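Number of protein chains: 2
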Amino acid sequence: MSPIIEIPHLEEIQLDRSRPLQQQLYRQLHQLILQGRLQPGFRLPSSRRLAKELGVSRNTITLVLDQLKQEGFLSSRMGSGCYVNRQLPQDCLGLEASVWDSSVRPPVLSRYAQGLEEHGMRAEDAQGAADLPFTVGLPDLTRFPASTWSRILKRHSDRTCLMGFDDPMGHQPLREALSHYLAASRGVRCQPQQVLITQGAQQALALCALVLLNPGEQVLVENPCYAGAREALLARGAQLEPLPMGPQGVDTTALPSHTQARLMYCTPTHQYPLGGILSAGQRLQLLDWAASKGLWIIEDDYDSEFHFHAKPIAALQGMAPHTPVIYMGSFSKTLLPASRLGYLVVPEALAATFAKAKRYLGGDIPMLLQAAAADFIAEGHFVRHLRRMRQCYQHKWDHLQALLEPLAGRVETLAESAGMHLVLQIDGVDDQALCQAFLRNGFGSTPLSSYYLQGTSPRHGLVLGFAHSNGAGREAVVRLLHRLLATEFAP
Amino acid sequence: MSPIIEIPHLEEIQLDRSRPLQQQLYRQLHQLILQGRLQPGFRLPSSRRLAKELGVSRNTITLVLDQLKQEGFLSSRMGSGCYVNRQLPQDCLGLEASVWDSSVRPPVLSRYAQGLEEHGMRAEDAQGAADLPFTVGLPDLTRFPASTWSRILKRHSDRTCLMGFDDPMGHQPLREALSHYLAASRGVRCQPQQVLITQGAQQALALCALVLLNPGEQVLVENPCYAGAREALLARGAQLEPLPMGPQGVDTTALPSHTQARLMYCTPTHQYPLGGILSAGQRLQLLDWAASKGLWIIEDDYDSEFHFHAKPIAALQGMAPHTPVIYMGSFSKTLLPASRLGYLVVPEALAATFAKAKRYLGGDIPMLLQAAAADFIAEGHFVRHLRRMRQCYQHKWDHLQALLEPLAGRVETLAESAGMHLVLQIDGVDDQALCQAFLRNGFGSTPLSSYYLQGTSPRHGLVLGFAHSNGAGREAVVRLLHRLLATEFAP
Numbered sequence: 001m002s003p004i005i006e007i008p009h010l011e012e013i014q015l016d017r018s019r020p021l022q023q024q025l026y027r028q029l030h031q032l033i034l035q036g037r038l039q040p041g042f043r044l045p046s047s048r049r050l051a052k053e054l055g056v057s058r059n060t061i062t063l064v065l066d067q068l069k070q071e072g073f074l075s076s077r078m079g080s081g082c083y084v085n086r087q088l089p090q091d092c093l094g095l096e097a098s099v100w101d102s103s104v105r106p107p108v109l110s111r112y113a114q115g116l117e118e119h120g121m122r123a124e125d126a127q128g129a130a131d132l133p134f135t136v137g138l139p140d141l142t143r144f145p146a147s148t149w150s151r152i153l154k155r156h157s158d159r160t161c162l163m164g165f166d167d168p169m170g171h172q173p174l175r176e177a178l179s180h181y182l183a184a185s186r187g188v189r190c191q192p193q194q195v196l197i198t199q200g201a202q203q204a205l206a207l208c209a210l211v212l213l214n215p216g217e218q219v220l221v222e223n224p225c226y227a228g229a230r231e232a233l234l235a236r237g238a239q240l241e242p243l244p245m246g247p248q249g250v251d252t253t254a255l256p257s258h259t260q261a262r263l264m265y266c267t268p269t270h271q272y273p274l275g276g277i278l279s280a281g282q283r284l285q286l287l288d289w290a291a292s293k294g295l296w297i298i299e300d301d302y303d304s305e306f307h308f309h310a311k312p313i314a315a316l317q318g319m320a321p322h323t324p325v326i327y328m329g330s331f332s333k334t335l336l337p338a339s340r341l342g343y344l345v346v347p348e349a350l351a352a353t354f355a356k357a358k359r360y361l362g363g364d365i366p367m368l369l370q371a372a373a374a375d376f377i378a379e380g381h382f383v384r385h386l387r388r389m390r391q392c393y394q395h396k397w398d399h400l401q402a403l404l405e406p407l408a409g410r411v412e413t414l415a416e417s418a419g420m421h422l423v424l425q426i427d428g429v430d431d432q433a434l435c436q437a438f439l440r441n442g443f444g445s446t447p448l449s450s451y452y453l454q455g456t457s458p459r460h461g462l463v464l465g466f467a468h469s470n471g472a473g474r475e476a477v478v479r480l481l482h483r484l485l486a487t488e489f490a491p
Numbered sequence: 001m002s003p004i005i006e007i008p009h010l011e012e013i014q015l016d017r018s019r020p021l022q023q024q025l026y027r028q029l030h031q032l033i034l035q036g037r038l039q040p041g042f043r044l045p046s047s048r049r050l051a052k053e054l055g056v057s058r059n060t061i062t063l064v065l066d067q068l069k070q071e072g073f074l075s076s077r078m079g080s081g082c083y084v085n086r087q088l089p090q091d092c093l094g095l096e097a098s099v100w101d102s103s104v105r106p107p108v109l110s111r112y113a114q115g116l117e118e119h120g121m122r123a124e125d126a127q128g129a130a131d132l133p134f135t136v137g138l139p140d141l142t143r144f145p146a147s148t149w150s151r152i153l154k155r156h157s158d159r160t161c162l163m164g165f166d167d168p169m170g171h172q173p174l175r176e177a178l179s180h181y182l183a184a185s186r187g188v189r190c191q192p193q194q195v196l197i198t199q200g201a202q203q204a205l206a207l208c209a210l211v212l213l214n215p216g217e218q219v220l221v222e223n224p225c226y227a228g229a230r231e232a233l234l235a236r237g238a239q240l241e242p243l244p245m246g247p248q249g250v251d252t253t254a255l256p257s258h259t260q261a262r263l264m265y266c267t268p269t270h271q272y273p274l275g276g277i278l279s280a281g282q283r284l285q286l287l288d289w290a291a292s293k294g295l296w297i298i299e300d301d302y303d304s305e306f307h308f309h310a311k312p313i314a315a316l317q318g319m320a321p322h323t324p325v326i327y328m329g330s331f332s333k334t335l336l337p338a339s340r341l342g343y344l345v346v347p348e349a350l351a352a353t354f355a356k357a358k359r360y361l362g363g364d365i366p367m368l369l370q371a372a373a374a375d376f377i378a379e380g381h382f383v384r385h386l387r388r389m390r391q392c393y394q395h396k397w398d399h400l401q402a403l404l405e406p407l408a409g410r411v412e413t414l415a416e417s418a419g420m421h422l423v424l425q426i427d428g429v430d431d432q433a434l435c436q437a438f439l440r441n442g443f444g445s446t447p448l449s450s451y452y453l454q455g456t457s458p459r460h461g462l463v464l465g466f467a468h469s470n471g472a473g474r475e476a477v478v479r480l481l482h483r484l485l486a487t488e489f490a491p
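Chains A and B, in that order, are what the protein sequence lines are.
Take 1 as the starting number for the first sequence in my numbering and just add one per residue.
Take 1 as the starting number for the second sequence in my numbering and just add one per residue.
What the hints contain is simulated information worked out from the structure, not anything from laboratory work.
These numbers were taken from a predicted model, which means no experiment stands behind them.
The reader is advised that the hints may include incorrect statements.
Treat identical chains as interchangeable: a pair holds within one or across any two.
Unchecked claim - Here are the simulated DSSO-like pairs of lysine-lysine, each with C-alpha atoms no more than 27 Å apart in a straight line:
#, residue 1, residue 2
1, K154, K311
2, K311, K52
3, K154, K333
4, K69, K311
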């Protein structure tokens, strides 16, 4: 028989009577055992005695002791009460005080994650959470038909068939609505069975990298380039090589005669962020070159809905029936960032493979939002909304351009970048610092140099997302820019 | 002056008058140029003449010609009409007929994607889309409080502040509600700033692989193992090594004295799919061993809410303040699969790095669903729902076990697998074929052998997800099993 030993640390148990007692008592006994202060073989007082000493109901004591028995910390012998389990590995007790203190370094991270840790929080990362005026990529949410959207959501929100598993490709009605929309408005050649719904454009990019690229292989990207694409490719271990660039985007007359790349990423309809547009002839040259080199093309058609002066040029993907093009887009700008709906159009023979890879990258996409987007398109709200927003953004763009005219000479506005953002080229300025100064004044922006690949010579300046600005905000941001360029950032 | 040449292929233009004409005419002229049948320098008839010949309004003709000019396919000279652009690269025309025919093979896919293509559509993949009875992982959706959920969704569905960008970690109210819930119910030590919201458990796994692992490195996994974890690790290029297994899960007395692995994945509270539970002592041994080898542990706590006979054992993560544990879970089983909400609890020092990596893997999670889940927890609906479902699933489990008793000897039910599924071990059966036979009869299931790593000796049998079955379904599935084992699958 073990001697009767009472809890030596009973007086250390501190219970806050304003909160549930069971959880507190469990946690504290558990810690006393783990720390080795209640040693294996120690016998606990009876539950009646414990209840009295601690001022807790016997029922609570019983529940806590049962939980600790269940977990193997305590054991009981018929008629002789409750002991700290002798089978607990001796060298693990006291663990909290020795092995697991904060001086022990955690295991290392992947090289990719170490890189993320090292390059700190860049200005563009810092803005992720903020819906500041002039944050790039944010549409004018005040003009979104929220009551229509809400009414459509309500229609679907208690449907049991939208609560379980989705089709691995995405919700069929949305894929149908999208394939009609993309064929009619963008000249994309697609059937619903080629359309995959993704978690925004970002997952579409990560998925392309996973399916089309082995770690360590080369990828050709525009320079400057969309940061989301660059980072998704780097996450896959890609070696990024800049494409030759001309005033309209990729310079199709200077494409290399030899390349080891397997993949190229481009924005032919509106170079991101500068705004160049490839003509039909340039598109044909690009396609022909890619085919001859055995390259995949990811065609990111991120804002063709907001071309102001003409219908946008038809997509590369649709120029012939069998192009090696993966077409991508998202609803973040055309609908809502928080819809988190993006899409890929892939050759039909590859659709099942993309769907499997998507399953393991993140799985299904919420069906409620897909069903709502499908109705929003099919009932004509989408096209009406786009028409209104095109006018709205053009008005804002005209206004911002006019306001910036007095700064000409120092600030060059790249008008073709219009859509939802405007690129201001400001030679010789430290644009990271300028962006920080904007942040301190309550304005978003992205440094133009941050879009360029490491080791290349960037242009400097600011990218301003004007889509959700108002008139007073545009006046204020130009005043601020004027003031900063005359003082802190004077040449 | 160029000679006046009329369109030689005018008669080939076929317009379907029941559909919008502009799009059709654009597409057909575009093709005639791309195919080289309207050659560079050819002059088109006047818009008046075209309108008359084709029976289309002059306005439509003008819009189409303007679009083709805009795209660089046509050019116009003052006073002499509209020509096919001489600047189109000659060798790209006729492209559709030559380079881009279907005999040209598309570029190759990544080795990972080729692997996905090759191992075909497995039974468990095929079930993804189907909500068949006994599909593993599907909760009882008919018992979900859909009207409460719908009411909460409505409350948030037109809030502008939920339409833009999310916090990179996830929606703050959900992270707060979760950190309270996980501390109280699972003994997890966490503050909201350690919680990341993910696109289901699957993205949580992909994110851990990206942040904790370099391609080509070893990972220790349970064997059998959750397929979603195995595939997410393989997508990252991991080499999978089986952990030694005992009746309660990982055999903590047989852990290797040397390992090159950087990471282990385990389900200590309910081994998936077999159901073993590691005791407190075993948990301490596992933690101590992992710390001594510099290993990360991914603790997947996928269904601890549905332990029937006792409160589940507290999480590995919370056994000491500084464990090298990444804790993960999801709302797919406890709430709805289509909520697509999962979560990670990471050491606070790593939270910013995980958030950045998440940004490039898929970006934000829909805020509407996060806000609804936060309210559902904070208002007590979640805990009430779990209590009801625990009783409901226990009843179904008892019933299914009773029905299977007559098959004892041939079919061993692994009772500890209870929760939402039951594992039936059936020695010597071809379980892939048995699963296919189930599918043909309208029942889901997963072959037990499919959970084992390649090259190891699997057990055979079926895993049945009973959570969304009804009484008649359970009787029918046992009758079917009985019949199949007596006929097609007789020993």
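Hint by hint, here is what the structure shows:
no.: 1; hint: K154 to K311; in the structure: neither (34 Å within a copy, 37 Å between copies)
no.: 2; hint: K311 to K52; in the structure: between (82 Å within a copy, 25 Å between copies)
no.: 3; hint: K154 to K333; in the structure: both (23 Å within a copy, 23 Å between copies)
no.: 4; hint: K69 to K311; in the structure: between (72 Å within a copy, 11 Å between copies)
Of the hints listed earlier, the one the structure fails to meet is number 1.
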